[in-house]
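Visitor: Read off the chains here:
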Amino acid sequence: MSIPLGYYLMLSAFLFAIGLCGALSRKNAIIVLIGIEIMFNAGILNFVVFWHYKYFAVLTAQMFAIFAISIAAAESAVGLALVIAVYRYYRSVDVDQMTSLKG
Amino acid sequence: MDHADYLQHLTRQQWLIPLFPLVAAAIQSLLKRPARKLSAALTIIAMGLSCIFAVRAFLATIGGGEHHEVVRTVFNFTWFKFSDTASLDLGFILDPLTAGMAAMVTFVGFWIFVNATGYMHDDENFTRFFCFLSLFAASMLGLVISNNLLMLFMCWELVGLCSYLLIGFWYFKPSAAAAMKKAFIATRIGDVGFFLGILMLYWKSGTLNLYTHDPIHPGALEQAGALAQLTGWWGLSAASTIAFLLFIGAMGKSAQFPLHVWLPDAMEGPTPVSALIHAATMVAAGVFMIGRMYPLFTAEPGAWVMDFVMWIGCITAVFSATIAVAQFDIKRVLAYSTCSQLGFMVMGLGAHSLVAGQFHLLTHAFFKALLFLGAGCVIVGTHHEQDMRKMGGLRKYMPITFLCYVIGTLALSGFPLTAGFFSKDEILLATYHHSKLAWILGTFAAFLTAFYMTRQIFMVFFGRWRGGDEDRGHGQEHKSHDERGHEHHEPHEVPWNMWLPFAMLSVFALLMGWLGTPWFHDNLFHHYIAPEEVASESSNLVMGLSIAVALFGILLGWLIYGRKTMEHATDPDPLAPTLGGLFVFLNHKWYIDELYEATVYRFTATCGMFFRLFDKLVVDGILHAIAWVVWAISQVFRWVGDEFFINGGFDSGCESVRLGGKVLAKLQSGRMQNYFRVLSLGAAILLLMYFFT
Amino acid sequence: MDTIFWILSIITIIGAVMAITLRNLIHCVLSLILFFLGIAGHYFLLRADFLGAVQVLIYIGAVAVLMLFAIMLTRHVTGDEGPREVLGGKWWAGMGTAVIIAGLLWAIIRKDQIAQALPAGVAKTSVAEIGKALVGDWVVPFEAMAVLLTAALIGAVVIALEEVIRKR
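Chains as they are written, first to last, in numbering that gives the first Met the number 0: chain Y, 0 to 102; chain L, 0 to 692; chain F, 0 to 167.
Everything labelled a hint here was simulated from the structure, so no lab data went into it.
Any given hint might turn out to be false.
Chain F is faced by these chain L residues, among others (derived, beta-carbon under 7 Å) [said to hold, decoys possible]:
#1 Arg676
#2 Ser679
#3 Leu680
#4 Gly681
#5 Leu686
#6 Phe690
Here are the simulated DSBU-like cross-link-like pairs (lysine-lysine), alpha carbons at most 35 Å apart as the crow flies [to be verified]:
#7 F/Lys110 / Y/Lys53
#8 L/Lys665 / Y/Lys101
#9 L/Lys180 / L/Lys36
#10 L/Lys180 / L/Lys665
#11 F/Lys131 / Y/Lys101
#12 L/Lys172 / L/Lys395
#13 L/Lys36 / L/Lys395
#14 L/Lys80 / L/Lys203
#15 L/Lys661 / Y/Lys101
#16 L/Lys31 / L/Lys203
#17 L/Lys172 / L/Lys31
#18 L/Lys36 / L/Lys172
The beta-carbon is built from N, C-alpha and C at its ideal position, and this holds for glycine as well.
Produce the complete structure using the sequences and hints provided.
Guide: Here is the structure:
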């Protein structure tokens, strides 16, 4: 195919931006985590794209991507556990209400 | 050395005479009280030393100069200089007048001090009394020896101060406190005139030294003739005006009418005080001062000053004598008698006879002191009883006192051949040659003198002892020792230290008269004091009439009071029914005090009230206004500066910090989504920087 | 081939957009799954087969399911579907930031030299090689990853478990 690298990079950039939007704008903590996942995926896509366009060694990007995916999974697990714990305390998942760090 | 040098030497040492008592007073004021024996010893020894020096000086002045003129030796020194020409001097003088006075004051004072040790024996303020007595003696002697009108005035004031202190010695008694104030104020009124006289003298003559023996800078009295040429006020020459003003001072100090009101009240003081100050010395200071300044008085012949002096003296003499007739307090009688005799002295001086006036002063000092000491003995002997109606028959109990008292009375009455007879006769003689009316009044006063003194003798010493008649309390004279539950003991004689002094004085009272009579060496005193004065022509009429009135007065006294003495203390005075209202009038001192109170006091009080109101409204008003202005200014400063700028500025500064903090605290919202937003914003900015650089 | 790229890209973007904008949380997660599928497709397109498979397995099979469970556990008892308002306070700040970043990145990438490159062919890598690499050259990260996953597992359990012990 003859897609220039730039298009993939722009795609990943837009996906990253979309994820950032979601993480910053929504009130629901879970949506924030979703946004973070989207950002993660955009980043990993970036790596793979660069591997595809011959900027990495054969296995480097795949390894990296595998590890990144694992870390992302672990992170989302912990994050959701936190959300559940916080929900139990605050009885809501509204990030605007979680202000005990205030001041 | 020859006599003149000796006199000069003595004059330089004149200041020792007042020095001894002054030192004694100073030491006593520092003593730890009580130190009775020491203070009495100090005083008496000091006075004795002064007496020795004074007598030495006196002896040196006897004999006069080669031509029987008066020898005056002076010693002047500068106190402080205003400029090369003007300065204030002080000085001592040694001349017959001074020496005679000094000798008399020290001698009489010495014996009075001895008497006072007995009189004040029970008093708890013994030391303070002798301290004041010494101070008084020092000031009186300073007055006598001074050659300078300023020094004389200073001592004059000091004497007034000591009189004030001693009259009010028992200051806790309200009557004594009132009396001390009255004395001081009344004499002060006279002192206004005195001071004006001093000022005028300085103005007209340029010096206050009396004699300087220096032709270039003559003393004031040496300029008397020149001063008589200058014009003064009220139609007088300068000399006479000054003399008049000075006489006003003498009127106050010597208790002449109308400033006499303080002398009877001064009897509130202890009797030795009355004897010394208000009989012999201080009141004589006025007369002495006239004698000292006599050249000014006589400088302008025909001026009305001398007539004024004579008439004031005459009025005083008669006036006080009438009051003395109706008094019941033993000391009051003597006080009015003193007043009357002072009137005599002044009358004599006013009749152009320095000799007569001064001679009577000297003799009067002796026998009046004698009488007062006698009265003191009587008071002590009757346990502080002073009302004559409660005495009587003391002849039996106090023979020595009685004897000496009789001698004094005879002298005062002018009984022939006593001292008082000669001196009073001189005065009446001089007055006779100037004004017949004054002479008649003076003779009448002499008659009254004999009468009331005889009355006193019979009331006190004869008849029945009336002291135990009625328990009317313990007399009027409060002592400051505690009550010892006096029953009415029988009166007793006083101890030796009280009767010895007046034994001494009575000798002089008897014999001194011979010094001043023309029958004995042609009036020694005249030659001594003022040989330049023309002796009055002797007149048998005058002498005969004096003897007659004296004897008649004594006779009348015996008739009314002696033949049938008072039986009871509550009996009325035998004279009272006869005179009726006049007696009451005389008893109340012609209501002069009440008159003064209604007029002068009320006027002064009103002025005082007016000024107090002025002070409160105007002065305080101004003060309050100023204070209010200051307060208002401070309020403005507070409001503008403090409130507005400082407080406001500070407050708004703090407020902005607080708001800033509040705003910045919003960053710490605790919402991690916000933190995330800030984070991404930062990343965007970094990207921006990458993009643009 | 190019059109597949565009289609996949559109699917991916739509999935992402829907994931963050939908109201219903379940719908969000379902769009997220769509997104993951798109990404996986891109991986396949880029000849990273294993990675695509891993993506589908882990992300869709584990993470998305986990999210669904979390959603179910954090619902209100009354049946509410989460917060009423969709957007949080000051949402425009975040949106703006993202837009700025997107814009910047686009501006950067458009002109970049490298971005003009065309793909070159790559050798296929087999799963066996990946496996050998994992326990060969890349064993340390592999073991570390294992530790990390264990820790995350324990941590998540502990965090989510606290409620049982600490009853309000």
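Visitor: Which numbered hints turn out to be false for this structure?
Guide: 4, 10, 11, 16
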